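The residues making up each chain are set out below.
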Amino acid sequence: MTQKHEPGECRCSRGLTRRGFLSTVGAGVAVASAAGKLAAQPAASQGADVLPSAEMTPITLNINGRTHRLLVEPRWSLLFVLRERLGLTGTKVGCERGECGACTVLMDDLPRYACMTLAVEAQGSEITTLEGLMRGEELGGVQQAFVEEDAFQCGYCTPGQIMAVEGLLRAHPEPSQEEIQMGLSGNLCRCGAYVHIFKAAGRAAQLKRGQ
Amino acid sequence: MRLSKFDFHAPKTISEAIELLQSKGPDARLMAGGTDLLMKMKHGAVKPPCLISLKSVPGLNAIRFDESAGLTIGATALLSEVAEHPDILRHYPTVAQAARATANVQVRNMGTVVGNLCNASPAADNPPIHMAMRAVVLIEGPGGKRELPLDEFFRGPGVTALLPAEIVTGLRVPRMPVNAGTAYHSLSARGKLDCNAVGAAVMLTLKGKICEDVRLFISACGPTPLRGRKAEEMVRGKELTEEIAAKAGAEAAEESLPITDLRASADYRTEMVAVLTRRVLKEACQMALTSQPA
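Residue numbers (numbering that gives the first Met the number 0), protein chains in the order written: chain A, 0 to 210; chain B, 0 to 293.
Take the hints with a grain of salt, since some may be wrong.
Claimed, not checked - FRET-style restraints, in silico, Cβ to Cβ:
| id | chain 1 | residue 1 | chain 2 | residue 2 | range |
| --- | --- | --- | --- | --- | --- |
| 1 | B | His-42 | A | Cys-190 | 24 to 34 Å |
| 2 | B | His-42 | A | Pro-57 | 24 to 34 Å |
| 3 | A | Cys-190 | B | Glu-238 | 50 to 60 Å |
Hints were generated in silico from the structure; no laboratory data involved.
No experiment lies behind these values; they were computed from the predicted model shown.
Note that CB positions come from ideal geometry on N, CA and C, so glycine has one too.
Kindly generate the complete structure, drawing on both the sequences and the hints.
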């Protein structure tokens, strides 16, 4: 491999401020598509030659229907790559030890913790993040339900909660109350908005059925 | 929270994985779902220079059921796959229940049953029922293949009977005998989501109303899941009345070796061993009675 790459110089994240990034690209699919373009840049980046290429591995990730090719270290989590390499900051950093659920993403429709998934092992799966639930500039069904039911206070756990509900509804389109509670058992809400979150899950099932 | 650096290997065959384990030495770590190992690495408890993932070995995630051979769970079969597998739900309902009781949705979609065994936590959800059901660990290593009863597999917290460079490729669970029943119950502070404070599993075989055979295992009350031999003796050859179940519970509490830690006090554990033992015995007996031909 002849490509040289310096992670500190990667323009996917460090080259842009959060505010600048958001104001430039808006939200939703625009984020995904912009991230897609940015992701193509590492190969062309002119960063200093710090890490020997042998320590960086080229991988291909399929995220929200787009293919991303990038260089990673084996120790990088999917969470780190999503946020810091691809700018997909809808996936949140919480406990980073597989308990809180803030980093929940879908891999082949199954909710998983991105913090406990090595990026190199995420290859070959269809990865869906919060950004992938948008329908153009419109909110997806689960997102809409969370707004309608006021299913958050501080909102930090919300992306993870939404992804867990999305995963639940893909497997069980008409979940019982118990299935909803079990489906959200891997997501903590420090504000304790669980009652509204469970209601939102029920509402999301209705919205998905077109009701 | 970054992990320390490691070389990552994804062998395509078990023999390749064994060779890697041999060549990389004892510091190399084997990984299935990674839910235990990666957390230990994040805490800095272990810093393996080399990770060998088994996920790329084709077919290792298979779950097979055969009327005579029983159930085989591959090393990389997910907890969620075991919890929802139709044959397991039908023929091994308590095995499915224990898998479903492990952690939460996301972890069950990542972690594996065999990984839960190999992590050798005394509090793990899956070992007790598999031990009660006479499960056998399928092992491959430099010396070839061997099989080991699961109740000889655990040697201490985090310690197993595996020899250097050996790999657990799967778990075989024999079919439940005719007129047998199984049950598993556990208690934990956060309603089964977190690590267990105490657990009990049993397989019980009836002849008429008499308990012909019984295998009871208690978890989180000793360095490994413990067999309740005296409690079994109390039940064997008798009809499981309320009184016998209570006496067996008291024996199991006597036999257990609980410590006080952040999950529960030793006293609470001892009391709960008696309660859970009574409960699983009665439940398994009920299941065995209903499975008998009229």
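Outcome of the hint check:
In this structure the hint that His-42 (chain B) and Cys-190 (chain A) lie 24 to 34 Å apart at CB holds, the actual value being about 27 Å. Checking the proposed 24 to 34 Å range against His-42 (chain B) and Pro-57 (chain A) shows it holds: the Cβ atoms sit about 30 Å from each other. Evaluation of the 50 to 60 Å hint for Cys-190 (chain A) and Glu-238 (chain B) yields a pass: the beta carbon distance comes to about 53 Å.
Checked against the numbered hints given earlier, the structure satisfies every one of them.
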